[in-house]
Amino acid sequence: MRLTLRVWRQRDADTPGAMVTYDIDDISEDMSFLEMLDTLNEKLILRGEEPVAFDHDCREGICGACGVVINGDAHGPERTTTCQLHMRHFDDGDTVDVEPWRAGAFPVVKDLVVDRSAFDRIIGAGGYISVPTGAAPEAHATPVPKADADFAFEHAECIGCGACVAACPNGSAMLFTSAKVNHLNVLPQGAPERETRVLDMVSAMDEEGFGGCTLAGECATACPKGIALPSIAAMNKEWLRATRKASRR
Amino acid sequence: MALATRTDRRPSLTRSLWGSTVGKKTVMAVSGLIMLMYLVAHMLGNLKIFFGSGEFNTYAHWLRTMGEPLLHYEWALWGVRVVLLAAVVLHGVAAYQLSRRDIRARPSKYVHKRRRASYATRTMRWGGIILALFIVWHLLDLTTLTVNENAQPGRPYENVVATFSTWYGNVIYLVAMLAVGLHVRHGFWSAAQTLGMGNARRDRILKTLANGLALVLTAGFVSVPVAVMTGVVG
Ligand code: HEM
Ligand code: SF4
Ligand code: FES
Numbered sequence: 001m002r003l004t005l006r007v008w009r010q011r012d013a014d015t016p017g018a019m020v021t022y023d024i025d026d027i028s029e030d031m032s033f034l035e036m037l038d039t040l041n042e043k044l045i046l047r048g049e050e051p052v053a054f055d056h057d058c059r060e061g062i063c064g065a066c067g068v069v070i071n072g073d074a075h076g077p078e079r080t081t082t083c084q085l086h087m088r089h090f091d092d093g094d095t096v097d098v099e100p101w102r103a104g105a106f107p108v109v110k111d112l113v114v115d116r117s118a119f120d121r122i123i124g125a126g127g128y129i130s131v132p133t134g135a136a137p138e139a140h141a142t143p144v145p146k147a148d149a150d151f152a153f154e155h156a157e158c159i160g161c162g163a164c165v166a167a168c169p170n171g172s173a174m175l176f177t178s179a180k181v182n183h184l185n186v187l188p189q190g191a192p193e194r195e196t197r198v199l200d201m202v203s204a205m206d207e208e209g210f211g212g213c214t215l216a217g218e219c220a221t222a223c224p225k226g227i228a229l230p231s232i233a234a235m236n237k238e239w240l241r242a243t244r245k246a247s248r249r
Numbered sequence: 001m002a003l004a005t006r007t008d009r010r011p012s013l014t015r016s017l018w019g020s021t022v023g024k025k026t027v028m029a030v031s032g033l034i035m036l037m038y039l040v041a042h043m044l045g046n047l048k049i050f051f052g053s054g055e056f057n058t059y060a061h062w063l064r065t066m067g068e069p070l071l072h073y074e075w076a077l078w079g080v081r082v083v084l085l086a087a088v089v090l091h092g093v094a095a096y097q098l099s100r101r102d103i104r105a106r107p108s109k110y111v112h113k114r115r116r117a118s119y120a121t122r123t124m125r126w127g128g129i130i131l132a133l134f135i136v137w138h139l140l141d142l143t144t145l146t147v148n149e150n151a152q153p154g155r156p157y158e159n160v161v162a163t164f165s166t167w168y169g170n171v172i173y174l175v176a177m178l179a180v181g182l183h184v185r186h187g188f189w190s191a192a193q194t195l196g197m198g199n200a201r202r203d204r205i206l207k208t209l210a211n212g213l214a215l216v217l218t219a220g221f222v223s224v225p226v227a228v229m230t231g232v233v234g
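Protein chains in written order, with my numbering: chain A, 1 to 249; chain B, 1 to 234.
Hints are computed from structural coordinates only; laboratory data are not their basis.
No experiment lies behind these values; they were computed from the predicted model shown.
The reader is advised that the hints may include incorrect statements.
To be verified - Using 35 Å as the maximum straight-line C-alpha spacing, the simulated DSBU-like pairs for lysine-lysine come out as follows:
1) B:Lys207 with B:Lys109
2) A:Lys146 with B:Lys207
3) A:Lys237 with B:Lys109
4) A:Lys43 with B:Lys109
5) B:Lys48 with B:Lys207
6) A:Lys237 with A:Lys146
7) B:Lys113 with A:Lys237
8) B:Lys109 with A:Lys110
9) A:Lys146 with A:Lys245
Stated by the list, open to error - Reference listing, derived: stretches of chain A covered by chain B, where coverage requires no fewer than 3 residues with Cβ under 8 Å from a Cβ of chain B:
10) 20-32
11) 68-81
12) 96-109
13) 207-216
14) 219-232
Claimed, not checked - Distance ranges between label pairs, derived from CB positions:
15) A:Tyr128 with B:Ile103: 28 to 36 Å
16) A:Asp25 with B:Val171: 56 to 64 Å
17) B:Tyr96 with A:Asp14: 30 to 38 Å
18) A:Asp38 with B:Asn211: 44 to 52 Å
19) B:Arg114 with A:Glu50: 26 to 34 Å
20) A:Asp14 with B:Ile135: 42 to 50 Å
21) B:Lys207 with A:Asp150: 19 to 27 Å
22) A:Asp115 with B:Arg125: 28 to 36 Å
23) A:Glu78 with B:Met37: 55 to 63 Å
Idealized CB from N, CA, C, for every residue including glycine.
Kindly generate the complete structure, drawing on both the sequences and the hints.
So this is what it looks like as structure tokens:
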């Protein structure tokens, strides 16, 4: 396959960037999108040019490190991660635009790499459970109803890639935050911190400068893990419950 | 199992609501739903115009004597006005502040553009501004009668007919009612999500309800200018 790539190149956070055009051939349709970028980078290195910086790690769709906006879609045209997107979804001769996640809370570090540490700080505010150290507890000691386990598992699928923020017209992190809150809040292990978790994670999210939710639904369409829009309504319910309880104390 | 949980100090309910994006959206949802309930009542009341001048004007007078003899003349009406004013101010200020924040959260646009979200969703802000301007015009037209061609206090039937006998009256009201429909279509469903009532199972019914409400409201309101224009009411 031959492609015309237009890639966002930006030297560092403080230098303005621009789209740069590269023509590339010998792309196999079995390559992943990242392998296609590797091929481009090999050529750039041989030509003595700076390779395109992009994030990646597992390359099997589970770490959430990769992620670029391809032709306006976060992670490209298929509902999967960029590393799992195959070139067979493009046609010979296509022009493909590759841009970094765009959000005020995700500043560009270089080329296609953005700083997503805002997500880490949201997790730090409550995306965990406090457990005493020592021997692992007996698995049957804390029964979890099947429906709750399923609900927790659906939300636990979030890999923190940030596609939801990138797709949102408001740069909102509500889908990510709601996935994390719902995952833990429904489980007995998460119950002791149920109220502080949602209140603290939502205020951490606000402090990072993410936008608010206008229920546009772009996040859920972009999410490679199928976190659904009602996840946000479920977190709102938790937040209202916790706010009511806190105000009664 | 002894867990070290922190003692938790939280701001007051008002502070937590207004200080958080989720809370401010809750204020928008509640104020929006209050206005929506009022709009349904208002639309139904307007339909009395089809029963003639006598019945419509008597109904309009009753709005002022509502609640008597327990309440004084116009007290109930003023109660409604105060609630609506509070709702519209809270809704508008929250919308403005949240929109400012949302725009700041997405400072650079994508080079590769593509159409996002539905029409009703994308027009919430402009639609809201149209509604705010319309509310001012509507009050000047049929409440204070400042801009009304007929302007007879106590004769709302004749005043309404006068409004819809001008081309600009028809244009303003028709555009505004279309804006109401679009705003309610996304707004009602949104409010359900904001208040935590949405889930996968209920989504269909909530969307249907939102579309139904939007359609009934717009059709009900629009029927009045159309009736005057076609001579059914005059
Ligand atoms: C002063 C004029 C108004 C302005 C400036 C305004 C603006 C807005 C904006 C910007 C939103 C958020 C849109 C989004 O989430 O994408 C909104 C939501 C909403 N509006 Fe309005 N609006 C106005 C009047 C009204 C009226 C008259 C009603 C009554 C039907 C109404 C009902 C709603 C509802 C129910 C919501 C949903 C709240 C939520 O998402 O939880 N609004 N409005
Ligand atoms: S919710 Fe989906 S899109 Fe957002 S960070 Fe998690 S996996 Fe990525
Ligand atoms: S590289 Fe790990 S999800 Fe794509």
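Consistency of the hints with the structure:
At roughly 30 Å between alpha-carbon atoms, Lys207 of chain B and Lys109 of chain B fall within 35 Å of each other, so this suggested pair holds. Taken as a hint, the Lys146 of chain A and Lys207 of chain B pair is honoured in the structure, with Cα atoms around 29 Å apart against an allowance of 35 Å. Note on Lys237 of chain A and Lys109 of chain B: the hinted pairing holds, with a Cα-Cα distance of about 32 Å set against a maximum of 35 Å. About 29 Å separates the Cα atoms of Lys43 of chain A and Lys109 of chain B, which keeps this hinted pair within 35 Å; it holds.
A threshold of 35 Å between alpha carbons decides the hint, and for Lys48 of chain B with Lys207 of chain B the separation of about 29 Å falls inside it, so the pair holds. Simply put, Lys237 of chain A and Lys146 of chain A have alpha-carbon atoms about 21 Å apart, close enough for the 35 Å limit, and the pair holds. Between the alpha carbons of Lys113 of chain B and Lys237 of chain A the distance comes to roughly 34 Å, so the proposed pair stays at or under 35 Å and holds. For the suggested pair Lys109 of chain B and Lys110 of chain A, the alpha carbons sit about 17 Å apart, so the restraint of at most 35 Å is met.
For the hint pairing Lys146 of chain A with Lys245 of chain A, the CA-to-CA distance comes to about 27 Å; that is within 35 Å, so the pair holds. A count of 0 residues in the stretch 20-32 of chain A with a Cβ less than 8 Å from any Cβ of chain B is obtained; the coverage claim is therefore unmet, three being the minimum. Figure legend: the stretch 68-81 of chain A, annotated as covered by chain B; annotation consistent (4 residues with Cβ-Cβ distances under 8 Å, at least 3 required). With 6 residues bearing a CB less than 8 Å from a CB of chain B, the stretch 96-109 of chain A meets the requirement of three and the coverage assertion stands.
Residues of the stretch 207-216 of chain A lying with their CB closer than 8 Å to a CB of chain B number 8, which satisfies the three-residue condition for coverage. Using a Cβ-Cβ cut-off of 8 Å, 4 residues of the stretch 219-232 of chain A lie near chain B, which meets the minimum of three, so the contact claim holds. The beta-carbon spacing between Tyr128 of chain A and Ile103 of chain B, approximately 33 Å, falls within the hinted interval of 28 to 36 Å. The beta-carbon spacing between Asp25 of chain A and Val171 of chain B, approximately 58 Å, falls within the hinted interval of 56 to 64 Å.
Between Tyr96 of chain B and Asp14 of chain A the beta carbons are some 32 Å apart, a value that agrees with the proposed interval 30 to 38 Å. Taking 44 to 52 Å as the suggested C-beta distance range, the pair Asp38 of chain A and Asn211 of chain B conforms, at roughly 48 Å. Between Arg114 of chain B and Glu50 of chain A the C-beta distance comes to about 29 Å, which sits within the given range of 26 to 34 Å. Between Asp14 of chain A and Ile135 of chain B the beta carbon distance is about 46 Å. The supplied range of 42 to 50 Å therefore holds.
Restraint check, Lys207 of chain B to Asp150 of chain A: a C-beta distance of roughly 24 Å satisfies the suggested window 19 to 27 Å. The hinted range of 28 to 36 Å is satisfied by Asp115 of chain A and Arg125 of chain B, whose Cβ atoms lie roughly 29 Å apart. Taking 55 to 63 Å as the suggested C-beta distance range, the pair Glu78 of chain A and Met37 of chain B does not conform, at roughly 44 Å.
The earlier numbered hints that this structure contradicts are 10, 23.
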